[in-house]
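K.L.:
The residues making up each chain are set out below.
2 protein chains.
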Amino acid sequence: MSEEKLPKQSENFSEWYNQLIQKAELADYAPVRGCMVVRPYGWALWENIQKALDGRFKETGHVNAAFPMFIPMSFLEKEKEHVEGFSPELAIVTIGGGQTLEEPLVVRPTSETIIGHMYSKWVQSYRDLPILINQWANVVRWEMRTRMFLRTLEFYWQEGHTAHETAEEAEEETLKILDLYTDFAVNEAAVPVIPGIKSEAEKFAGANRSYTIEAMMRDTKALQSGTSHNLGQNFAKAFDITYLDRNNELQYAWTTSWGVSTRFVGAIIMSHGDDQGLILPPRLAPIQIVIVPIYKNEEAKQKVMPVVKQLEKQLKQFRIKVDDRENVTPGFKFNDWELRGVPLRIEIGPRDVENNSLVVAQRDIPGKEGKLFLSMDHIADQLTTILDDFHNRLLQRATDFRDSHIHKTDNYEEFKNIVQQGWAYAYWCGNAACEAAIKDETKATTRCRPLDQEKSEGKCVYCGESAEYRTYFAKAY
Amino acid sequence: MSEEKLPKQSENFSEWYNQLIQKAELADYAPVRGCMVVRPYGWALWENIQKALDGRFKETGHVNAAFPMFIPMSFLEKEKEHVEGFSPELAIVTIGGGQTLEEPLVVRPTSETIIGHMYSKWVQSYRDLPILINQWANVVRWEMRTRMFLRTLEFYWQEGHTAHETAEEAEEETLKILDLYTDFAVNEAAVPVIPGIKSEAEKFAGANRSYTIEAMMRDTKALQSGTSHNLGQNFAKAFDITYLDRNNELQYAWTTSWGVSTRFVGAIIMSHGDDQGLILPPRLAPIQIVIVPIYKNEEAKQKVMPVVKQLEKQLKQFRIKVDDRENVTPGFKFNDWELRGVPLRIEIGPRDVENNSLVVAQRDIPGKEGKLFLSMDHIADQLTTILDDFHNRLLQRATDFRDSHIHKTDNYEEFKNIVQQGWAYAYWCGNAACEAAIKDETKATTRCRPLDQEKSEGKCVYCGESAEYRTYFAKAY
Numbered sequence: 001m002s003e004e005k006l007p008k009q010s011e012n013f014s015e016w017y018n019q020l021i022q023k024a025e026l027a028d029y030a031p032v033r034g035c036m037v038v039r040p041y042g043w044a045l046w047e048n049i050q051k052a053l054d055g056r057f058k059e060t061g062h063v064n065a066a067f068p069m070f071i072p073m074s075f076l077e078k079e080k081e082h083v084e085g086f087s088p089e090l091a092i093v094t095i096g097g098g099q100t101l102e103e104p105l106v107v108r109p110t111s112e113t114i115i116g117h118m119y120s121k122w123v124q125s126y127r128d129l130p131i132l133i134n135q136w137a138n139v140v141r142w143e144m145r146t147r148m149f150l151r152t153l154e155f156y157w158q159e160g161h162t163a164h165e166t167a168e169e170a171e172e173e174t175l176k177i178l179d180l181y182t183d184f185a186v187n188e189a190a191v192p193v194i195p196g197i198k199s200e201a202e203k204f205a206g207a208n209r210s211y212t213i214e215a216m217m218r219d220t221k222a223l224q225s226g227t228s229h230n231l232g233q234n235f236a237k238a239f240d241i242t243y244l245d246r247n248n249e250l251q252y253a254w255t256t257s258w259g260v261s262t263r264f265v266g267a268i269i270m271s272h273g274d275d276q277g278l279i280l281p282p283r284l285a286p287i288q289i290v291i292v293p294i295y296k297n298e299e300a301k302q303k304v305m306p307v308v309k310q311l312e313k314q315l316k317q318f319r320i321k322v323d324d325r326e327n328v329t330p331g332f333k334f335n336d337w338e339l340r341g342v343p344l345r346i347e348i349g350p351r352d353v354e355n356n357s358l359v360v361a362q363r364d365i366p367g368k369e370g371k372l373f374l375s376m377d378h379i380a381d382q383l384t385t386i387l388d389d390f391h392n393r394l395l396q397r398a399t400d401f402r403d404s405h406i407h408k409t410d411n412y413e414e415f416k417n418i419v420q421q422g423w424a425y426a427y428w429c430g431n432a433a434c435e436a437a438i439k440d441e442t443k444a445t446t447r448c449r450p451l452d453q454e455k456s457e458g459k460c461v462y463c464g465e466s467a468e469y470r471t472y473f474a475k476a477y
Numbered sequence: 001m002s003e004e005k006l007p008k009q010s011e012n013f014s015e016w017y018n019q020l021i022q023k024a025e026l027a028d029y030a031p032v033r034g035c036m037v038v039r040p041y042g043w044a045l046w047e048n049i050q051k052a053l054d055g056r057f058k059e060t061g062h063v064n065a066a067f068p069m070f071i072p073m074s075f076l077e078k079e080k081e082h083v084e085g086f087s088p089e090l091a092i093v094t095i096g097g098g099q100t101l102e103e104p105l106v107v108r109p110t111s112e113t114i115i116g117h118m119y120s121k122w123v124q125s126y127r128d129l130p131i132l133i134n135q136w137a138n139v140v141r142w143e144m145r146t147r148m149f150l151r152t153l154e155f156y157w158q159e160g161h162t163a164h165e166t167a168e169e170a171e172e173e174t175l176k177i178l179d180l181y182t183d184f185a186v187n188e189a190a191v192p193v194i195p196g197i198k199s200e201a202e203k204f205a206g207a208n209r210s211y212t213i214e215a216m217m218r219d220t221k222a223l224q225s226g227t228s229h230n231l232g233q234n235f236a237k238a239f240d241i242t243y244l245d246r247n248n249e250l251q252y253a254w255t256t257s258w259g260v261s262t263r264f265v266g267a268i269i270m271s272h273g274d275d276q277g278l279i280l281p282p283r284l285a286p287i288q289i290v291i292v293p294i295y296k297n298e299e300a301k302q303k304v305m306p307v308v309k310q311l312e313k314q315l316k317q318f319r320i321k322v323d324d325r326e327n328v329t330p331g332f333k334f335n336d337w338e339l340r341g342v343p344l345r346i347e348i349g350p351r352d353v354e355n356n357s358l359v360v361a362q363r364d365i366p367g368k369e370g371k372l373f374l375s376m377d378h379i380a381d382q383l384t385t386i387l388d389d390f391h392n393r394l395l396q397r398a399t400d401f402r403d404s405h406i407h408k409t410d411n412y413e414e415f416k417n418i419v420q421q422g423w424a425y426a427y428w429c430g431n432a433a434c435e436a437a438i439k440d441e442t443k444a445t446t447r448c449r450p451l452d453q454e455k456s457e458g459k460c461v462y463c464g465e466s467a468e469y470r471t472y473f474a475k476a477y
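Residue numbers (my numbering), protein chains in the order written: chain X, 1 to 477; chain A, 1 to 477.
Bound conformation, chain X alone:
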């Protein structure tokens, strides 16, 4: 941990974010512009995200595979919207083994095209469907303005690609994954996302419909945290994914794709962190509990350390770390682990050993108020409850923050103020011209039309024409 103080979140959110990532050793800048090195602490967080998602994918019948990262340039050109969307962002390999390649190879920005090519080979009959494949992969998009975790040239993600017999099944899959993402965000990361549908302008290049989970960061900006796309028959037609149906007739398949990326690490940092640093959700935190032994002399150390070692064994079910560094003070350690967002800190001193007790400090409640004085008896059970409560509190805090910064409005002047420091929930006619004008005038974009909304009657906040649904508008990452 470097000695300079972290900027205050409330004073300079952007610098707070950048410096926190470095100080907490989540990631570092790579020697290639726009690329990052994900350091062990950041990667351990991502591995826990992977585990939580991967388990959910497998429970719902999906399997993993690996497709090549090099895609012939001609493949991208087969789907018109897709190539238009991605061609400005491509990294291209033109030399291989010392020779100029006949056909340049694109480093995948996403894999619909190469996977579509393989599916057309693998799918012959309705019996071959559905195909429910996911891959964990690195992808490259040549972005001009980059930001650690949020937008880097190379990033890490999972991309699911499925193929189905009917339009209904594809839509069902798309929504099933959106639910899965929502469940993951809420119940693992304590990030209260809003699931909804993207506008035509904001949808994935080549999709019929894109769904999203949208989260509010602590600067009130929105972060698209995961997306699920119904691709209709667009890619099936471009790549000739056909099958003989139950009546022996040739049909195009219906496909979907969906992804969550290392961007979600950014969502966690900016949903929960505070002036002291990270606050990590306990179910994903690389270290859930840190134990700091407290002693001032060798005698006290001899008393404390055996109990600490014993406790470490007793708490094997948690992700635990004993900080037994000799060259720094307990106070330094407290600050260090607070910066790194470890949910619980256990302090044990000689007095605690005598009393068969210990002190638990909770990262999200500063000072004495957050301290719990516990008996060693049934300590694992007690900590399980405390971690669950921690998760619930974090989720509640983020939900309260979000809800207090979303404002329903039917007035464009009000709207313009709202989106300076929150989200506006307003009727929109669905017209791309209104959406573009709002973006131009306020920098706020449509985030999503939430799925749980009933149709109603209103007037577009911009043009006043009739509108059936409200949409969330916000500035976004």
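Think of the hints as simulated: they come from the structure by calculation, not from any bench. Honestly, I wouldn't trust all of these hints.
It does not matter which identical chain is used: a pair holds within one copy or between any two.
[Stated by the list, open to error] Straight-line distance between alpha carbons at most 16 Å, and here's what the computed EDC-like set of lysine to aspartate or glutamate pairs gives: (1) 316 x 15; (2) 121 x 28; (3) 121 x 25.
Here the structure of chain X is known, so what remains is to put chain A in place on it, guided by the hints.
P.N.:
Positioned in the frame of chain X, the structure of chain A alone reads:
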């Protein structure tokens, strides 16, 4: 599964290998030359390899991270041997975001250089050492002759990169990992590898010493299945990885690197498979047990299926699959799962239900001899033992095969015959000229000098000069 018959292993080993990979759906050819698509069954096998290795890395104090796949061309040039070794095999990105790049980017063939650059930033003091980082990554080497899993342009691996205070610690790490790899190969994959040291000609480009685990395939060719390199201070000097030691003096660090790749999937296929197809080691097999219900009519089905469902629940601790396909016969299913190398097949028919029994067919023992007739009581415990026995039998079979195809020799004429269908274990003076001449005349290369060998006195099998150690010579993949 395609209907064409698999070529016999003994008649055309190479075609047997290629077709088996396709038929068993481990992998498929990608639309880019030399690249493969790892299909779900193959990827599940690789995931189990990953789990087994990753657990061992973490137990020995290593952590995972992720470094960028793009490396500035100038980085590679900083270590002379390294760039000479890798420059003919590079894939190079010259265009990004529509612009020609000022400095071309290499797609990593391995990551010593970019990781060395980061370590020089992270390491200041002896307190920052050791660094024990691993990454799971894709890498690219532009090979001319490619082969599924064994040599593909893009492949998947783990690469460990560590930095230490002393030469001794670096050597200890290098050997610790070699041990770890050996333990993994033997105890997870049932592949009886020989750990040893590589010759100067065969070592990694930029290493001081390379260690290897060498396995014999069923065509008697050798396969290098994992390597661990002591890099000395070569990369520390090239990338300025320096630290203040305990006496406050500036020192170069000592580094190591080590890797196991998807090539190991090839090792498993070629160590254990037979004319019927794959035989997968139970501890890594994606499916350990397949249950095939046997019935001829609806009445029998009603009797059998509830028991099958119940059994599936009872055997949750195993990786299990119920093959309840209605459109193929049990005989077809038997062949299918034999081809795919599932260790155990449970058959349950109406008679078994009545008798509270079941039949277990063991993949490695063909016909009736391999069949076990078991009671349903304590079935999970019985199967645990049966799978352990299976592993031991597979390891013994591969060891016997290997040992019967290794021949000690002190005569070059004999040597030349031996390496046509096995490995020669012969004294070699250590002179690169002899090694090169042998390779030229016989196609056999030095595989390794085994670590457990005592120094002795002999004469080089090629030149007759005095030699202290025997070395394994073989044709290799």
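K.L.:
Hint by hint, note whether the structure agrees.
P.N.:
How the hints compare with the structure:
1. 316 x 15: neither (37 Å within a copy, 49 Å between copies)
2. 121 x 28: Between copies, since 10 Å is at most 16 Å while 41 Å is not.
3. 121 x 25: between (44 Å within a copy, 13 Å between copies)
Hint 1 alone, counting from the list given before, is not met by this structure.
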